[in-house]
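Participant: The whole structure should be built from the sequences, with the hints applied where relevant.
Residue numbers (this note's numbering), protein chains in the order written: chain A, 999 to 1598; chain B, 8 to 388.
Derived from the structure by calculation, the hints contain no laboratory data. Treat the hints with caution; some may be incorrect.
Pairs of lysine-lysine residues, derived as DSS-like cross-links and limited to a Cα-Cα distance of at most 30 Å, are as follows [unchecked claim]:
id: 1; chain 1: A; residue 1: K1577; chain 2: B; residue 2: K333
id: 2; chain 1: B; residue 1: K347; chain 2: A; residue 2: K1534
id: 3; chain 1: B; residue 1: K59; chain 2: A; residue 2: K1514
id: 4; chain 1: B; residue 1: K347; chain 2: A; residue 2: K1514
id: 5; chain 1: B; residue 1: K386; chain 2: A; residue 2: K1595
id: 6; chain 1: B; residue 1: K333; chain 2: A; residue 2: K1595
Taking beta-carbon pairs under 10 Å as the criterion, some of the chain B residues facing chain A (in silico) [to be verified]:
id: 7; residue: V69
id: 8; residue: A71
id: 9; residue: F157
id: 10; residue: N160
id: 11; residue: F350
id: 12; residue: A352
id: 13; residue: V358
id: 14; residue: P373
id: 15; residue: V374
id: 16; residue: G377
id: 17; residue: T378
The C-beta atom is built at its ideal place from N, Cα and C for all residues, glycine as well.
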Amino acid sequence: MADVYINSNFVGTVDDINHFVENVKDLRRKGSLPEEANIYHNSEANEVRIMCDEGRARRPLIIIKEGRSLLSEKHLKQLEDGEITWADLIRQGVVEYLDAGEEENALVAYTEEELTPEHTHLEITPGSISGIATALVPFGNFNQSSRLIIGSKNQKQALGFYAANYHIRMDMDANILHYPQFPLVKTKLHDVTDYDEHPSGQNMVVAIMCYDGYNMEDGVILNKGSIDRGLARSTYFRPVKAEELRYSGGLVDEISIPDKDVKGYRSEKDYGFLEGDGIIYPEAKVNEGDVIIGRTSPPRFLSSLDEYNLSAAIRRESSISLKHGERGVADFVFITENEEGNKLVQVRLREERIPEIGDKFTSRHGQKGVTGILVKPADIPFSSSGIIPDLIFTPHGISSRMTISHLVELVGGKVGALAGRFVDGTLFDSESEENIRTELLDLGFRSDGTEVFYDGRTGKQMLARIYVGNMYYLRLRHLVANKMQSRARGPIQLLTRQPTEGKAKEGGLRLGEMEKDVFIAHGASLLLKERFDSDKIDLPVCEKCGLVAVEDQYKNRKYCLMCGEDIEINYVEMSYAFKLLLDEIRSLCIYPKLNLKNKY
Amino acid sequence: MKADQEKLLNSYAGKIPLSVLEEIKENVPGTISKEKFQEVMDKCLIAYNNAKVHAGECVGLVAAESIGEPGTQMTLNTFHLAGVAEVQVTTGLPRIIEVFDARKGIKTPMMEIFLNKPYCLDVEKLRKFAATIKETKFEEFVSEYNLNIFDQNLTIKLNKELLDDNDLTVKDINGIIKTKVKNFSVSITDEVIVIGLKGKQDEIKDLYALKEKIKEVKVKGIKGLKQVLPVKRGEEYVILTAGTNLKDVLALSEVDSTRTVSNDIYEIYNVLGIEAARQAIIDEVYKVVESQGLNVNIRHVMLVADLMVANGTVKGITRYGVVSEKASVLARASFETPLKHLFNAALEGEVDNLTSVVENVMINQPVPIGTGLPGLVTKMK
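Facilitator: Structure below.
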């Protein structure tokens, strides 16, 4: 006897457990019970759990009866001819979905050959152990699982053709790859998921070799000639938004070119791109500081009197302009209303992104790398047949990571390019490497994929033959253009007088706690002081009470708030952050007296 | 060693530490000429002076970083010695933290008992000895308790076999029980102890409480040694124990008291004194560092240990220990619980002379270390 639960609620008991469980399964397969229901007999807890609620991850399996698959040749034929669909297979009880619980009671075979009478289910394909993104890695079964995971993660970051309606969308940080291609070495999942509708990479000629040191430590070397012809080129889109917010008292923002007497008016030149409606015209080339959408807002704090004489003079400028380091072309202007009914203006900026040093590239095998140099086509190594690689990948990346699939894809791609066909690299179900190599031999190349290469600069033949072929390479969305930043001097925070943080605010690079320790450990005491001088200040301090005194430069007088004017005041150099600390200590009702004395 | 060489050697007494002089004495051949020996001594003096830490060298921070950086790697690969026959010991970062914090009541107290001659070589003798020092409680010999409500008594049945294994007789037990159980009537007949109520006012509740109490009574062995395990170390056998009692163990004549150690720093401090505690800190930390395959110079550990024992008691690197000894209010406040330190400083009217590193970093003044240390003094005429 076992307890029975439906969706974790106790409903009763059954005596003949096995019969009951089998019965429920049968009814489900026949269609009397919903296909979503799953039943699980937990023999340890002696309970039967029927689940039909939401939120369970389930996966399809072929049902096995007496050691034989219910999916017959007839079904396959019908499927091929389009007479039946997936839904029909489920309806006929050939395929069913199991959840994590019911899987506990199932014995699943990977292949039809290993079926025994004990088996209850059969995998549709052994490749179904992986998810969609992982199944997009060709020859994945040649790899460590960890590399597969990295490979599938990388693919999600690849630039591509993410949506056909991208030109009327307002996506944040959208990238479109120019001339995306379908991979020469594909998997069945590429067909199933219509990868040719939204590809995200290009087939490149890849040589695995060193070229000076420019591809060491996961670098890649790109051929400048290929780049100039449009390889891996992409466009970056980013919307700029402005809203006409409503404030209390019937006041609203106004999107327009601000009047000259508005508080915070910039120069006339800054508004130069705006049309009469206060919005930039399309195809305007904008740089940092240029106003994209002109806007004025009502003043922040209104006293009751001010409400009656609202003039333009007290309105404040709140235009949207490009931040530090941003540039682009106004691509598309979009005027609409948001949920609250406020006027909403969006301007999409567009910028062409040509691959440059520091851009990130990867194959589909977790072999990502950063561009180390763009080499002139004349200097690129060439093969005896005159082929020059688009990308040079380092051989040191292979040995430690053991991504054999990377190497197999390379020959696979070579065969695909030479024979003019696609090569299948489906997980556990790929074309055999041996066949690929014999085909390569038949095409007139060495079966090991290597070719004689010559140094582009000297023309001398290289000592080793170079492993070269075609690979599907992805450009990842981490572009240097979005990240590069430097600062010598710049804005500071109001509170601490220390440099701001982050690229958008033109911030400084922090010399942190541990870096500070390095200076101290080195004994570079004065250098450390200089590095931390960003918020240094010479403070007047009253000799008598040891508090910060006041220096009134307009009236040219110095006095102490405690002791009055008749007092000796000295200047002490300290960090502004420390002055803040003293203030905070004072706010705790503690008197932090500075005892001044000569340092020496 | 000739007399004139000896004389020359002794003339270096103040300049080179004794241990180094001893080493020179041991290694220099006696046949060496005086000039050669002078040369050796000169070179040694130069080498010794070169090896000294320079003034203004930031030894503390370097030690901290040198221990701390490998420590970050340790967290990731702390492995457990599961299933190994030895006593389970805390190792890795948790152990280092335990030692540096100078915690009382460590997670896995442990002793390594070395034994004198006949015992350390003979397994049988050693086994017997090990059994005698293991703390054995009364409950281990009990096969059955019976709390009889009608007769208002507690019947305890002993396990004869176990008693024989431990060379104990019912009589021994009787003696122990009698001393521990008062205000109750105790009668012992072969293997069965019957404890009854004496006064009328006592309740069965008291019998139950007595039963729980009596379980914990020590029958034999040394208090605290919960587990003993003879282990072979090279040629000889040693006893590993879970639980420590250094004082009582060292008192035993079978024990080699020069080598026996506990891993409880406080216990060592109490039994053997502060210098032993210092050495124990160094040994315990270095043991972990070595077991993790890390390369930390022992001098860094020694410096930390010195700091911990500097004022004669063991102080941990915590806000209650070493840090609370810092002279500067700002330095203390920047470590942990800043408000507490600021308030206390305000109450006492403490003056911070800004003589150390942390407070000078805070106010952006040169830190008195390295280039920040020297100042110029001019003689005024």
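Participant: Each hint should be assessed against the structure and marked as holding or not.
Facilitator: Each hint tested on the structure:
| no. | hint | result |
| --- | --- | --- |
| 1 | K1577/A - K333/B | 23 Å, holds |
| 2 | K347/B - K1534/A | 28 Å, holds |
| 3 | K59/B - K1514/A | 25 Å, holds |
| 4 | K347/B - K1514/A | 26 Å, holds |
| 5 | K386/B - K1595/A | 19 Å, holds |
| 6 | K333/B - K1595/A | 22 Å, holds |
| 7 | V69 | 5 Å, holds |
| 8 | A71 | 8 Å, holds |
| 9 | F157 | 40 Å, violated |
| 10 | N160 | 43 Å, violated |
| 11 | F350 | 7 Å, holds |
| 12 | A352 | 8 Å, holds |
| 13 | V358 | 7 Å, holds |
| 14 | P373 | 5 Å, holds |
| 15 | V374 | 5 Å, holds |
| 16 | G377 | 2 Å, holds |
| 17 | T378 | 5 Å, holds |
Violated hints, in rising order: 9 and 10; the structure is consistent with all others.
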